[in-house]
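S.K.: Here is how the chains run, residue by residue.
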Amino acid sequence: MTGSWTRFNIVSIVAGFAFLYLPIVLLVVYSFNESKLVTVWAGFSTKWYFELFNNRGLLDAAWVTARVALVSATVATVLGTLAALTLTRYTRFHGRVLFSGMVFAPLVMPEVITGLSLLLLFVAIGLDRGFVTVTLAHITFSMCFVAVVVQSRLLSFDRSLEEAAMDLGAPPVKTFFAITLPVIMPAIVSGWMLAFTLSLDDLVIASFTSGPGATTLPMKIYSQVRLGVTPEINAVCTILIAIVTVGVVAASILNKRREVQRQRDAQAAMRS
Amino acid sequence: MKSLGSIRRSFAPWADASAKPYISFDNITKKFGDFTAVDSLSLDIYEREFFALLGASGCGKSTLLRMLAGFEAPTSGRILLDGQDLAGIPPYRRPVNMMFQSYALFPHMSVEQNIAFGLKQDGMAKADIEKRVGEMLKLVKLEQFAKRKPHQLSGGQRQRVALARSVAKRPKVLLLDEPLGALDKKLREETQFELVDLQYDLGLTFIVVTHDQEEAMTMADRIAILDKGEVVQVATPAEIYEAPGSRFVADFVGTVNLIEGELKGRENGVARIEDGQGLTILAEDAGDAAPGNRVWFAIRPEKIKVSAAKPDKTDSNAAEGEIYDIAYLGDMTIFHIRLDDGRIVKASTMNSARVSQELLTWHDRAWISFRPDSGVVLTR
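Heads up: the protein sequence lines correspond to chains A and B, in order. Throughout the first sequence, residue numbering follows our numbering, covering 1 to 272 in sequence. Throughout the second sequence, residue numbering follows our numbering, covering 1 to 380 in sequence.
Source of the hints: derived by calculation from the structure; they are not laboratory data. Wrong hints could be hidden among the right ones.
Unchecked claim - Restricting the straight-line Cα-Cα distance to at most 35 Å, the calculated cross-link-like pairs of lysine-lysine (DSBU-like) are: (1) A/K174 / B/K346; (2) A/K174 / B/K141; (3) B/K186 / A/K174; (4) B/K185 / B/K310; (5) A/K174 / B/K172; (6) B/K131 / B/K186; (7) A/K256 / B/K147; (8) A/K174 / B/K31; (9) B/K149 / A/K256; (10) A/K174 / B/K149; (11) A/K174 / B/K138; (12) A/K256 / B/K141; (13) B/K310 / A/K174.
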C-alpha cells in the first residue's frame, strides 16, 4: 500500500506544494514581466533586473543588510558558543537555571517586544540609532539560536576526547582549540548560518532599532511595497530567493556527499 | 611468550620486603556527594608490574584509575608515584598515560596525527616525532593505515591506534580502562597476549581496569579484587583462583562449590569438617580456622571427580547423587549433580579423549569425590 501513486496521494502532494510554493513562483514569474503593473502580464523581460542595479536606495539597503548580517552572525556565534559551553559544562554553578532560561527566553519572545525593549534601552542610554544599534539588536536575538544549536551538539560530545588530550599533555586552553572546537565546528557553522539568515530576514526588530542611513533590505522592500508593488521588488526578491536556494542546496549536497563517503569508508573498514 | 614464562616466575617484587612500591594508594577515599566510590583504600603497585583492578561495575575501579590519571581528586589520602605525591598535579603534567574505554580517538585527525598529538605537546622535534610515530605504527602493525581517519578503521584497528597513542610518549605508567571491552571474543583473546608481550617489551608498568576475570587472569601479574570501594584481596591469578581469601573472591573468580559446615578438629594438619547432613570433609588447607568455627569448604568444579562406580573410600570427601544437568562444551563437560540431600554440586571433566570410556547421562546415579588438598577452607 505504502508508496503507491493513488489518486489521493497525487492530489494531496500537488495541493501541498502549490500551497507552499505558488506565491513564490508567482513572484518569480512576475519579476520577468515587461509591464510596470505587477498583475498584468505583458511579455518576458529582464529590464527590471537592470533597473535594479541603478536603484541606489535598494543597493545601499542590500549593502547595509549584508554588513549587519555578517557582523551580527559572527559576534552572535562567538557569544552563543560561549553560552552553550557554560550551560553544558558548568552544570552546578549558582543561578544556572535562571541563566539558561534567560538565554532561551528570546526564542519565544514576540519580536515586537524584543524590538521595543531594545529601542527603549538605546534611547535611555543615548545611543544614536543606526548601524550599531541594528547590529547589537540582531546579536541579541540570534545569539540564542546559536546557543541552542551548539548546545545540542555539546550534549552528545564525548568528554573523554578532552580527557585524552589533557592526558597526552595538552593544557585546557590548548585542548579546547585543538580538540573541542574542531569537533563541534559543524554545529558552530550551522549556528552562524542560522544567525546570518535570521539577520537577513528580520524586519520587525530592525524597524525598531534602525535609524537614518541604516535601512536594511527588508525595511526598504516593506516601505516600497506600501507605496505600491513594483516589478523591481519582485526582481530583488527573486535574487534573494536564488541566493538562499543555492546556499541551502549546496549545503545539503555537501552534507549528503560527506555522509555517503563516511558510510562507504566505514563499510570498507569493516571489510578489511 | 617463551621467555615471558620464565621471567615471570622470578618476577615477584611484592614478595620482596626490600622492594619499593612504584605507585602507592595511601588510605584513599573518594566521595561523590553521599556516595563513597572508594573507601580508605591502600594498594602498592611495583615497577614493571602488569596489575589488574578487577571488580563489578560500580566497585570503584575506574575511579581509582581516574584519580591516578588526575581526572578526579581524592577526597582524602595520598597517591604516590615513584615517591612523589601527585596531589595538585594536573593530568597534563603527570607521567602517566591512559587508554580510554571508548578509545577517545580524535575524529578530525588521521591515525598518525592522533599518535603524534602527545609528542607535539612535549615540543619534540618534528623529525623525532615522525620517527617515533613510525615506530609506534610498526609496533601495532598499522603502517599502511597511517593516513586514515578513525572512522575508516575497524574496531580492532581503532583499539590499536588508541594503544599506540597512549604508549607513544613512553609514560612511566600506562592506565588501561577496559581496553578490550569493545572487541569481539576471538580478537579479545588474541589482543590479551599482544598486550602482555607489549608490556614486557616496553618494560612499562601497566594498570588495567576490567570486569572480565578471564582477561585479568590472562594478563596480570597480580590482581586486586575490588568490592564496594574496598580491596578484598590482592594476589597472583593462581593464588586468587586456588587460594581465595573469602567466599566473595571464590565466587567472583571462576565457578565454585561452597559447602557450609563446622570444623570439628584437626589431625596432622588435616581439618575435619562436618556439614550436618552426613557429609564429612577432610581438608588439608584449613588456614587459621579453629575447631568449633562455622566454615565454608570451597572447591572448584574441575577438582571434583564424577564416577558411576563407587569410590574406594566413602566415609569422607565423597557423596552420592543423581545427574541433574549436563553441559557439553567440547573441551570439557559440566555436570550438575543433585546429592541425595538435595544440594546441587557442580563438577567438570576435561574431555581429553575423543571417546569417553564411561558415559554418564541425565538421571544416572553417580558418585562425587575429591582429595583433601583440592579445596580451601574459608572462614569469611
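S.K.: Hints numbered earlier in the text: which of these fail when held up against the supplied structure?
M.R.: When the structure is compared with the hints, numbers 1, 3, 4 and 13 turn out to be violated.
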